[in-house]
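Construct the entire structure; sequences and hints are all you get.
Now for the letters of each chain:
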Amino acid sequence: DTEVTQTPKHLVMGMTNKKSLKCEQHMGHRAMYWYKQKAKKPPELMFVYSYEKLSINESVPSRFSPECPNSSLLNLHLHALQPEDSALYLCASTVGQGEGYEQYFGPGTRLTVT
Amino acid sequence: GENVEQHPSTLSVQEGDSAVIKCTYSDSASNYFPWYKQELGKGPQLIIDIRSNVGEKKDQRIAVTLNKTAKHFSLHITETQPEDSAVYFCADHSNYQLIWGAGTKLIIKP
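Residue numbers (our numbering), protein chains in the order written: chain A, 1 to 114; chain B, 1 to 110.
Please note: incorrect hints may appear among the correct ones.
[Said to hold, decoys possible] Cβ-to-Cβ under 10 angstroms is the rule here; a few derived chain A residues that face chain B: (1) G28; (2) R30; (3) Y51; (4) A92; (5) G100; (6) R110.
[Unchecked claim] Covered by chain B, according to a simulated footprint, are these stretches of chain A (three or more residues, beta-carbon under 8 angstroms): (7) 36-49; (8) 102-109.
Simulated from the structure, these hints should not be mistaken for lab results. All C-beta atoms in this analysis are idealised placements derived from N, C-alpha and C, irrespective of residue type, glycine included.
Okay, here's the thing in structure tokens:
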């Protein structure tokens, strides 16, 4: 089973709201990723967690706050977002962060900021 | 930094014909090259990958070829079907990250 699940599927939030995205995998993977994808573009890496520790932050604004409570769960906390943050947010996981590991993606959360 | 170029941006083929998508990369140290298929409203799905110790890999109607000397790799889909319509992304793994091509929209004409 190579399933990564994400909730919610769709989210509409105002610029003053606080919301969270959730990602879960039960493959025993130890690296988990957040990506942002705009229409007709490839995914852009935001954060990488390796063994539940943040290992890569691609200069993401502080209004996005990741959290990895355990090896199966990854959250993305959202606060004071801008309309340009509207996008598809994808979670992915791999066995480890090294090279040559297959990266599996969830279905994404479609976020609209009003 | 590492760069992956992907061509064409749009490819329209008759159902039953073959489709070929090509990518070139710049990091000579790259050793892992996955291909993803993304249908509308869904996340990217890993469909095939290749490592630098082989030149070709096949999985039913899908094949990938790698030329490390020329730093290019290609996706071949034979006997295309309507369900092959999607956006396809190539990538290489460089510096602990996937570096993505810009994507190819594949249209299968009935």
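Checked hints:
1. G28: Status violated, d = 17 angstroms.
2. R30: violated (13 angstroms)
3. Y51: violated (14 angstroms)
4. A92: holds (8 angstroms)
5. G100: holds (4 angstroms)
6. R110: Since chain B brings a Cβ to about 8 angstroms from R110/A, closer than 10 angstroms, the hint holds.
7. 36-49: That given contact holds, which follows from 6 residues of the segment 36-49 of chain A lying within Cβ reach (below 8 angstroms) of chain B.
8. 102-109: holds (count 7)
Of the hints listed earlier, those the structure fails to meet are numbers 1, 2, 3, in rising order.
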